[in-house]
Amino acid sequence: MSAVFTVSSAFRLRLPVIAVSALMFLLWPLFATTPAAAQGGLDYRDPSKAPPSWSQFAKLVQYRFETWITADEAVANRFRNYLTNQAGKEDGPPSTLTVRAWLNPDGTVERVSFATLKDAGADADLRTILTRGNIGEAPPPEMLQPLNLRFSLNLKR
Amino acid sequence: MAQSWMPVRVPESTATRSLARPPEPATIAREKSSTAFFVDDAGHMLTARHAVEDCTRLVVAKEGRVVSARTVALSPRFDLALIKAPKTMGLAAVFPSGGAAAVNDMMFAAAYDKLPQMTTRGGMLANARVTPSRGESEAGHLAIDSPVTFGASGAPVLDSRGLVEGVISRRTGVDRVLAVGAGEAKAFLSGNSIRFAQDDRPQIAGGSSRANRAASISARVTCLQN
Numbered sequence: 008m009s010a011v012f013t014v015s016s017a018f019r020l021r022l023p024v025i026a027v028s029a030l031m032f033l034l035w036p037l038f039a040t041t042p043a044a045a046q047g048g049l050d051y052r053d054p055s056k057a058p059p060s061w062s063q064f065a066k067l068v069q070y071r072f073e074t075w076i077t078a079d080e081a082v083a084n085r086f087r088n089y090l091t092n093q094a095g096k097e098d099g100p101p102s103t104l105t106v107r108a109w110l111n112p113d114g115t116v117e118r119v120s121f122a123t124l125k126d127a128g129a130d131a132d133l134r135t136i137l138t139r140g141n142i143g144e145a146p147p148p149e150m151l152q153p154l155n156l157r158f159s160l161n162l163k164r
Numbered sequence: 017m018a019q020s021w022m023p024v025r026v027p028e029s030t031a032t033r034s035l036a037r038p039p040e041p042a043t044i045a046r047e048k049s050s051t052a053f054f055v056d057d058a059g060h061m062l063t064a065r066h067a068v069e070d071c072t073r074l075v076v077a078k079e080g081r082v083v084s085a086r087t088v089a090l091s092p093r094f095d096l097a098l099i100k101a102p103k104t105m106g107l108a109a110v111f112p113s114g115g116a117a118a119v120n121d122m123m124f125a126a127a128y129d130k131l132p133q134m135t136t137r138g139g140m141l142a143n144a145r146v147t148p149s150r151g152e153s154e155a156g157h158l159a160i161d162s163p164v165t166f167g168a169s170g171a172p173v174l175d176s177r178g179l180v181e182g183v184i185s186r187r188t189g190v191d192r193v194l195a196v197g198a199g200e201a202k203a204f205l206s207g208n209s210i211r212f213a214q215d216d217r218p219q220i221a222g223g224s225s226r227a228n229r230a231a232s233i234s235a236r237v238t239c240l241q242n
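Protein chains in written order, with this note's numbering: chain A, 8 to 164; chain B, 17 to 242.
The hints are simulated quantities; they were obtained by calculation from the structure and are not laboratory data.
Here are some chain B residues the structure puts well away from chain A; computed CB gaps all over 12 Å:
{"no.": "1", "residue": "A77"}
{"no.": "2", "residue": "D121"}
{"no.": "3", "residue": "A142"}
{"no.": "4", "residue": "A155"}
{"no.": "5", "residue": "G156"}
{"no.": "6", "residue": "R186"}
{"no.": "7", "residue": "R187"}
{"no.": "8", "residue": "R192"}
{"no.": "9", "residue": "S209"}
{"no.": "10", "residue": "R211"}
Below, a list of computed lysine-lysine pairs in the DSSO-like style, where the Cα atoms sit at most 27 Å apart:
{"no.": "11", "chain 1": "B", "residue 1": "K202", "chain 2": "A", "residue 2": "K66"}
{"no.": "12", "chain 1": "B", "residue 1": "K202", "chain 2": "A", "residue 2": "K56"}
{"no.": "13", "chain 1": "B", "residue 1": "K202", "chain 2": "B", "residue 2": "K100"}
{"no.": "14", "chain 1": "B", "residue 1": "K100", "chain 2": "A", "residue 2": "K66"}
{"no.": "15", "chain 1": "B", "residue 1": "K78", "chain 2": "A", "residue 2": "K66"}
{"no.": "16", "chain 1": "A", "residue 1": "K66", "chain 2": "B", "residue 2": "K103"}
{"no.": "17", "chain 1": "A", "residue 1": "K125", "chain 2": "A", "residue 2": "K96"}
The structure presented is a predicted model; accordingly, all values stated were derived computationally and were not measured. Yeah, the Cβ is synthetic: ideal placement off N, Cα and C, and Gly gets one too.
Assemble the whole structure, with the sequences as input and the hints as a guide.
Encoded structure:
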């Protein structure tokens, strides 16, 4: 059963010429079912009623993904270059991207899934980036997974 | 005699030349390292006042990332300081909204530099215990039995819920440590218009490592002095 939570924050990817800012929304595992949500095939939980340990862990996942994507290393640099070079083009990346993430009990990212970016290399790079590290804490055992994270990319010159 | 836990190191070569930032001091005579932790999503951090007083420059380091920071405010009454980094690296701490910790409550506190070895060994639930206060002279403080040593000044004292119950200040005896209490820390933050989080609900799952949460909210702060 998939579920949703939402948290949002903004971060900026620093590039030499073009700054890429992205909004990331965390869509959380949900618990209580609402009729509207059930019609859409998802169970939604009121974020204000979610355990704080869930929201804290989700914030940490958000921070780690931000850190990994903005890291100054080859794969992350290549992925950001792809975003800046292809954004807005017909075959470019979508304006928003939902990433589903499964976390292991030791804090590592077991796997992620997302709609294709229409570029196999970019798909592989993003998957590598988001599964390469440890979140730093164990996910709350009772927290439903996957976490659904929606990225909204905004390009700024 | 009270003792702080900031190692003081004199670099082998004190004659350094700044290549990119002329305003920075040409000579760093001393540096001292301590611990600070984030208290909001804007990069504000709480630490011990004695850790950041009289610094020419402050540097915050966490997980390989190093940024400059500045002192925002020093508490005139307690060993507290508010500093600001460009952004929050990790999580912001959450303080208890209710009453203070009770004697014999188990706590966790450690210098930032000690946390990696604790987390890689599977984490740690607690390494300190609340002890009775010694009277009016310790008002506003939380006394704990704790093995913290150098570099722990300014470290958060975490309870079983992952809430910050104090800020490590100084040693008053063998394994007896005083931390500024959460109430005083919150008042200091409020007095400086910092919007911090407070909650009495657990911020970590039961049985989760408090060492890992400490690592998520903390960083090393280095004070460079002429």
